[in-house]
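Trainee: Sequence lines, in order, name chains A and B. Its first residue numbered 1, the first sequence is counted upward by one per residue in my numbering. Its first residue numbered 1, the second sequence is counted upward by one per residue in my numbering.
Simulated from the structure, these hints should not be mistaken for lab results. Computed from a prediction, not measured in an experiment: that's the story for all the values here. All C-beta atoms, glycine included, are put in the ideal place defined by N, C-alpha and C. Treat the hints with care, as some may be off.
To be verified - To give an idea of the chain A side of the interface with chain B (calculated C-beta under 10 Å), a few residues:
| hint | residue |
| --- | --- |
| 1 | Phe-20 |
| 2 | Glu-30 |
| 3 | Asn-31 |
| 4 | Phe-33 |
| 5 | Tyr-35 |
| 6 | Gln-37 |
| 7 | Leu-43 |
| 8 | Leu-45 |
| 9 | Lys-53 |
| 10 | Glu-56 |
| 11 | Cys-91 |
| 12 | Thr-101 |
| 13 | Gly-109 |
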Amino acid sequence: DVKVTQSSRYLVKRTGEKVFLECVQDMDHENMFWYRQDPGLGLRLIYFSYDVKMKEKGDIPEGYSVSREKKERFSLILESASTNQTSMYLCASSPYSGSWTDTQYFGPGTRLTVL
Amino acid sequence: QKEVEQNSGPLSVPEGAIASLNCTYSDRGSQSFFWYRQYSGKSPELIMFIYSNGDKEDGRFTAQLNKASQYVSLLIRDSQPSDSATYLCAVKVYGNKLVFGAGTILRVKS
Chain A
1 DVKVTQSSRY LVKRTGEKVF LECVQDMDHE NMFWYRQDPG LGLRLIYFSY DVKMKEKGDI
61 PEGYSVSREK KERFSLILES ASTNQTSMYL CASSPYSGSW TDTQYFGPGT RLTVL
Chain B
1 QKEVEQNSGP LSVPEGAIAS LNCTYSDRGS QSFFWYRQYS GKSPELIMFI YSNGDKEDGR
61 FTAQLNKASQ YVSLLIRDSQ PSDSATYLCA VKVYGNKLVF GAGTILRVKS
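Turn these sequences into a full structure, and let the hints steer you where they fit.
Mentor: Shown next, in the form of structure tokens:
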């Protein structure tokens with residue numbers, strides 16, 4: 001079974017703090033993704049990485065950065081947390097075989113509250 | 001512009017009935033489509049994917065794809081209270097990315 005883990009299930013931070021969310025997958029997947037999920041808005045892609053040290057902006061990258069130093073680990077960084085970044089953050093990974101059926105597998109999520 | 005549309009619901013069905021969840025997409029070139037189930041407070045889990053026109057069955061679930069109409073649906077037969085969840089439709093775009101709809105809330109009443 002694919003296993004995607006995230007460093008925290010719940011996190012409370014203060015405005016202006018630097019926040020690190022970590023994601024680790026154990027299936028040697030090339031692709032990793034960070035989403036945020038808000039009521040009524042669905043999942044929105046923040047950043048994704050298709051290989052080590054490679055990253056590409058998603059639909060809502062403002063206020064976020066990422067790091068992928070090792071294939072299994074993909075970190076999301078909030079440089080200066082703001083209250084509008086309070087959300088559920090979901091990490092996903094997928095293989096890249098070139099097939100249309102390559103599937104994304106999700107971690108358990110981190111519910112971040114910024115006060 | 002939203003690329004994947006779903007009715008937010010809630011869709012309420014009695015136990016044992018067929019639940020029908022629908023999704024439309026805007027990119028005519030889309031090739032593969034995924035259905036995820038998400039329980040409250042949990043992360044999405046894959047139910048099934050489909051990439052050929054027609055029906056694909058997996059147990060109580062059937063995915064239906066009509067590329068000409070840009071429409072994909074998920075049927076759940078013999079619905080159970082444990083099927084109550086939010087169902088997310090996702091369309092694969094370039095770079096192995098998925099674009100998600102906002103999801104349909106399904107409530108199965110016993």
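Trainee: Hints first: check each against the structure and report whether it holds.
Mentor: Verification of the supplied hints:
no., hint, verdict
1, Phe-20, "violated (19 Å)"
2, Glu-30, "holds (8 Å)"
3, Asn-31, "holds (5 Å)"
4, Phe-33, "holds (8 Å)"
5, Tyr-35, "holds (8 Å)"
6, Gln-37, "holds (9 Å)"
7, Leu-43, "holds (4 Å)"
8, Leu-45, "holds (6 Å)"
9, Lys-53, "violated (16 Å)"
10, Glu-56, "holds (7 Å)"
11, Cys-91, "holds (9 Å)"
12, Thr-101, "holds (6 Å)"
13, Gly-109, "holds (5 Å)"
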